[in-house]
Amino acid sequence: MAEPQLPKPPLMTLVKKTKLWKSIFRHDFTDTPKTRIQRIFGNVFLHLHPVRVSKEAIRVSYTWGLGGLSFYLFLVLTVTGILLMFYYRPTSLLAYQDMKDLTFAVTLGGFLRNMHRWAAHLMVVVVILHMVRVFLTGAYKPPREYNWVVGVILLVMTLFLSYTGYLLPWDQLALWAVTVGAQMAANSPLLGNEGPFKLPFITTANDARFGLIGGTVINDATLIRFYVLHCVAVPFIFTFFLMVHFWRVRKDGFSKQTGEKVDVWPHLVSREFLAALLVTLILFVWSLVLQAPLEAQANLNVTPNPSKAPWYFLGLQELLVYFDPWIAGVVLPTIIVIGLMAMPYVDTNPKGVGYWAKMGWRKVGPVPIWYPVERPFAVNVFMLGTLMWFVLIFIGTYCRGPNWEWYWPGELWSHRRLTKMTLKNIPNLWGALLMGAYFALGTPLPQAIKARLSRLAGPKAPRLASLLMHAGLGMTMALAIFIPILTAPDAEYPVRSNSPTLFEALGRSTNAPVVSAMYRLVQEAGAGGYAMIGVMILATGALLGWLGVQLAKLKDRLFEQKGLIKYSLIIGLFLMMMGVIGKILLRLLFGVKYVFSLPAFNFNI
Amino acid sequence: MTTTTRIHPRSSTRLMEPATTNPAAPAPAPRPATPPEVFSEAFWRQLEERFGRRQFLLKSGWAFFWLFLGGWLLSNLRYLFPNVLYEPGLSFKAGRPEDYALGVSEKFKKEQRTWIVRNEEGFFCFWARCTHLGCTPNWFEAEGRFKCPCHGSNFNRAGDVIAGPAPKPLWRCAIQLADDGQLIIDKARLENRPGSREQGEFFFPYKSA
Numbered sequence: 001m002a003e004p005q006l007p008k009p010p011l012m013t014l015v016k017k018t019k020l021w022k023s024i025f026r027h028d029f030t031d032t033p034k035t036r037i038q039r040i041f042g043n044v045f046l047h048l049h050p051v052r053v054s055k056e057a058i059r060v061s062y063t064w065g066l067g068g069l070s071f072y073l074f075l076v077l078t079v080t081g082i083l084l085m086f087y088y089r090p091t092s093l094l095a096y097q098d099m100k101d102l103t104f105a106v107t108l109g110g111f112l113r114n115m116h117r118w119a120a121h122l123m124v125v126v127v128i129l130h131m132v133r134v135f136l137t138g139a140y141k142p143p144r145e146y147n148w149v150v151g152v153i154l155l156v157m158t159l160f161l162s163y164t165g166y167l168l169p170w171d172q173l174a175l176w177a178v179t180v181g182a183q184m185a186a187n188s189p190l191l192g193n194e195g196p197f198k199l200p201f202i203t204t205a206n207d208a209r210f211g212l213i214g215g216t217v218i219n220d221a222t223l224i225r226f227y228v229l230h231c232v233a234v235p236f237i238f239t240f241f242l243m244v245h246f247w248r249v250r251k252d253g254f255s256k257q258t259g260e261k262v263d264v265w266p267h268l269v270s271r272e273f274l275a276a277l278l279v280t281l282i283l284f285v286w287s288l289v290l291q292a293p294l295e296a297q298a299n300l301n302v303t304p305n306p307s308k309a310p311w312y313f314l315g316l317q318e319l320l321v322y323f324d325p326w327i328a329g330v331v332l333p334t335i336i337v338i339g340l341m342a343m344p345y346v347d348t349n350p351k352g353v354g355y356w357a358k359m360g361w362r363k364v365g366p367v368p369i370w371y372p373v374e375r376p377f378a379v380n381v382f383m384l385g386t387l388m389w390f391v392l393i394f395i396g397t398y399c400r401g402p403n404w405e406w407y408w409p410g411e412l413w414s415h416r417r418l419t420k421m422t423l424k425n426i427p428n429l430w431g432a433l434l435m436g437a438y439f440a441l442g443t444p445l446p447q448a449i450k451a452r453l454s455r456l457a458g459p460k461a462p463r464l465a466s467l468l469m470h471a472g473l474g475m476t477m478a479l480a481i482f483i484p485i486l487t488a489p490d491a492e493y494p495v496r497s498n499s500p501t502l503f504e505a506l507g508r509s510t511n512a513p514v515v516s517a518m519y520r521l522v523q524e525a526g527a528g529g530y531a532m533i534g535v536m537i538l539a540t541g542a543l544l545g546w547l548g549v550q551l552a553k554l555k556d557r558l559f560e561q562k563g564l565i566k567y568s569l570i571i572g573l574f575l576m577m578m579g580v581i582g583k584i585l586l587r588l589l590f591g592v593k594y595v596f597s598l599p600a601f602n603f604n605i
Numbered sequence: 001m002t003t004t005t006r007i008h009p010r011s012s013t014r015l016m017e018p019a020t021t022n023p024a025a026p027a028p029a030p031r032p033a034t035p036p037e038v039f040s041e042a043f044w045r046q047l048e049e050r051f052g053r054r055q056f057l058l059k060s061g062w063a064f065f066w067l068f069l070g071g072w073l074l075s076n077l078r079y080l081f082p083n084v085l086y087e088p089g090l091s092f093k094a095g096r097p098e099d100y101a102l103g104v105s106e107k108f109k110k111e112q113r114t115w116i117v118r119n120e121e122g123f124f125c126f127w128a129r130c131t132h133l134g135c136t137p138n139w140f141e142a143e144g145r146f147k148c149p150c151h152g153s154n155f156n157r158a159g160d161v162i163a164g165p166a167p168k169p170l171w172r173c174a175i176q177l178a179d180d181g182q183l184i185i186d187k188a189r190l191e192n193r194p195g196s197r198e199q200g201e202f203f204f205p206y207k208s209a
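Listed in order, the protein sequences are those of chains A and B. Residues in the first sequence are numbered from 1 upward in steps of one, following our numbering. Residues in the second sequence are numbered from 1 upward in steps of one, following our numbering.
No lab work stands behind these hints, which were simulated from the structure alone. Errors might be hidden in some of the hints.
In silico EDC-like pairs for lysine to aspartate or glutamate, Cα to Cα no more than 20 Å straight-line [stated by the list, open to error]:
id	chain 1	residue 1	chain 2	residue 2
1	A	450	A	295
2	B	168	A	490
3	B	109	B	143
4	A	450	A	556
5	B	59	B	41
6	B	107	B	141
7	A	261	A	560
8	B	110	B	121
9	A	256	A	272
10	A	351	A	560
11	A	198	B	191
12	A	55	A	260
13	A	420	A	504
14	A	420	B	160
15	B	168	A	492
16	A	420	B	141
17	B	187	B	141
18	B	110	A	411
19	A	308	A	295
20	A	420	B	143
21	B	93	B	160
Chain B side only, calculated, beta carbon under 10 Å to chain A, not exhaustive [what the hints assert, rightly or not]:
id	residue
22	46
23	67
24	75
25	77
26	82
27	87
28	88
29	92
30	109
31	111
32	112
33	130
34	131
35	135
36	164
37	167
Yeah, the Cβ is synthetic: ideal placement off N, Cα and C, and Gly gets one too.
Input sequences plus hints: build the corresponding full structure.
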């Protein structure tokens, strides 16, 4: 008779009883309320999570997991980056050859490089989307203002990591993108050799550009500098800010706190895992199908035509077309970053935290418009700014061809297309008047003055005053644009210009459609043409005035709510943003180079 | 108290100085009998607590700490500016003037990033670097323009900006005739101001036969 045999304990059960196992894993993994907590508490990688979280806060359609995915992509980039470093030597003689080796001779080298490149692109997208999500769910509002600031720093560093990374392949794209980027440093005020108000001791051999690239030309010194920045220095600082960012998320709490709570293990951890898995899958397919671009070897003397930065910097590259380099390359980015950082401190509206901005339909005339109901100004301005950035990227990507000339999307490029391009400055006094009138549009009509006006001249007086002010400013702006273009002599005639007047010079060019249309009108219809132009000026003035009147109510309310300092900051940033659109239109439609120019100080707007 | 108070002789003389140097000065106004409330004992104690020896030592200690740390970090900024550069030379020989035809020569563009221009009066040399953000423009003979591929600046034959965002004319390099009869060009010496750029070392007169 065989003895009844006890069922043998499975191997795993035995292993789990060993001292070794117990020394590593402190608790068992059966699914009980206790172990769900222990899994978070007892794990160094998970313990940044809370153990329980609001069910609504981890709804996928609330966060889309964008913050976590940004971090995951950072990890992917770290790992692939470390692997790439095994084969890459940062000297100008070897770097490009190593890239070729990685792509064609090293097993899986090309795949890793693709993955590094595409993960970087994806990270930029995800970080931007994360910012948009945080904005639209009001998650930057107290007590999370400071963490928004840290987030902006992380966004800037993400872009800086991309920028330092793309010199490393030592191909043409790399070299010229970095040439342009470094030259922006040379245009910074005071410290740049070509910037405005440069200090007397600044030369090409000690200015900001020299410090950035480690020499006067981009060379081995630059390559090793960017290599260290990209692989060590920036990730090091990035990690610090990342720690602060995570820590603050935990300490300040999620923006959504209400409702039923669920265990983070498994509810949140599984979502994070699935999101990471999905992104990994996308990255794998993407890297298998699409090769990361590698242009010809860097040549300091030859620039590809057209030379385009990677897409996320094309907006900046396009912006550089319209302004003096120090404005587009230094001042505007600084203002954008400071404006983003200031947002939670000036937006004191407590509404809109913890849910996506409420949208509704509103009719403007006969047109139905999808409109934010709850905090319209904040949402509209932020989304307009984001949209503008992507419109600039779109223009840079699809509307710019050889010699950075305008080509419509789909239009065939020609390197030998004959154009008659010219740009002219508006005389400074007119430009100052234009800008003055423009920024004066920001003036509010405070309650006290309104009350006084209605006491003095009846209840309709404040509205009339507002109307007069805005119509007047609008008309001034229209006149300050059109009068100099129609009447000013061309200062460059006869040396650099064949036409004695701005009107003729711009009217004959191919890059100022409005002025050429006006010029043709005058050529063909004579005085009638001038009459039609007059009507156009009046219409432009009226339109600008009307826009001002539309904003009047908002301005007055903002002023009463926020007080002088916050109001000035908000309206100043807002006008600057809209002013960028204005300047772009002046350039594209009227061929205006600068509205205000002091060449002796390199001060051109 | 039996302790003797020592007064340094110099301090006593200094106290007397005003009286000796200006005997005509009016006597100081007599002090009010009772000091005002601000100079009460509590005031002095507070002053001691805020600016006293302990505070002085503490604050100066921290001040030196931050000064040291800041100075050290700033000195590392200087460390990032190299003193010796390993960069290609900036002057080169560009052959004999008689080998050039009238017009813009692209012969040395790929090697030396320069255009050598010959006109009826003589030679000058452009540095092929856009004054906007440093890309290399291309020469378009048909239009008589240098066009930059990065942001679309256009320059005319004289190097003056006629379109696009560039703020300044193209730079011209120093150009002279070397002893061996070749043109010698120095990219370290640059000029772009009208008037100065057409003379001196930036223009080499060479009449066409």
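Now for the hints, and whether the structure bears them out:
no., hint, in the structure
1, A:450 / A:295, "violated (63 Å)"
2, B:168 / A:490, "holds (18 Å)"
3, B:109 / B:143, "holds (19 Å)"
4, A:450 / A:556, "holds (10 Å)"
5, B:59 / B:41, "violated (24 Å)"
6, B:107 / B:141, "holds (14 Å)"
7, A:261 / A:560, "violated (40 Å)"
8, B:110 / B:121, "violated (26 Å)"
9, A:256 / A:272, "holds (18 Å)"
10, A:351 / A:560, "holds (18 Å)"
11, A:198 / B:191, "holds (18 Å)"
12, A:55 / A:260, "holds (6 Å)"
13, A:420 / A:504, "holds (13 Å)"
14, A:420 / B:160, "holds (15 Å)"
15, B:168 / A:492, "holds (14 Å)"
16, A:420 / B:141, "holds (14 Å)"
17, B:187 / B:141, "violated (24 Å)"
18, B:110 / A:411, "violated (30 Å)"
19, A:308 / A:295, "holds (12 Å)"
20, A:420 / B:143, "holds (9 Å)"
21, B:93 / B:160, "violated (26 Å)"
22, 46, "violated (34 Å)"
23, 67, "violated (23 Å)"
24, 75, "violated (14 Å)"
25, 77, "holds (8 Å)"
26, 82, "holds (6 Å)"
27, 87, "holds (6 Å)"
28, 88, "holds (7 Å)"
29, 92, "violated (12 Å)"
30, 109, "holds (6 Å)"
31, 111, "holds (7 Å)"
32, 112, "holds (7 Å)"
33, 130, "holds (9 Å)"
34, 131, "holds (8 Å)"
35, 135, "holds (4 Å)"
36, 164, "holds (7 Å)"
37, 167, "holds (6 Å)"
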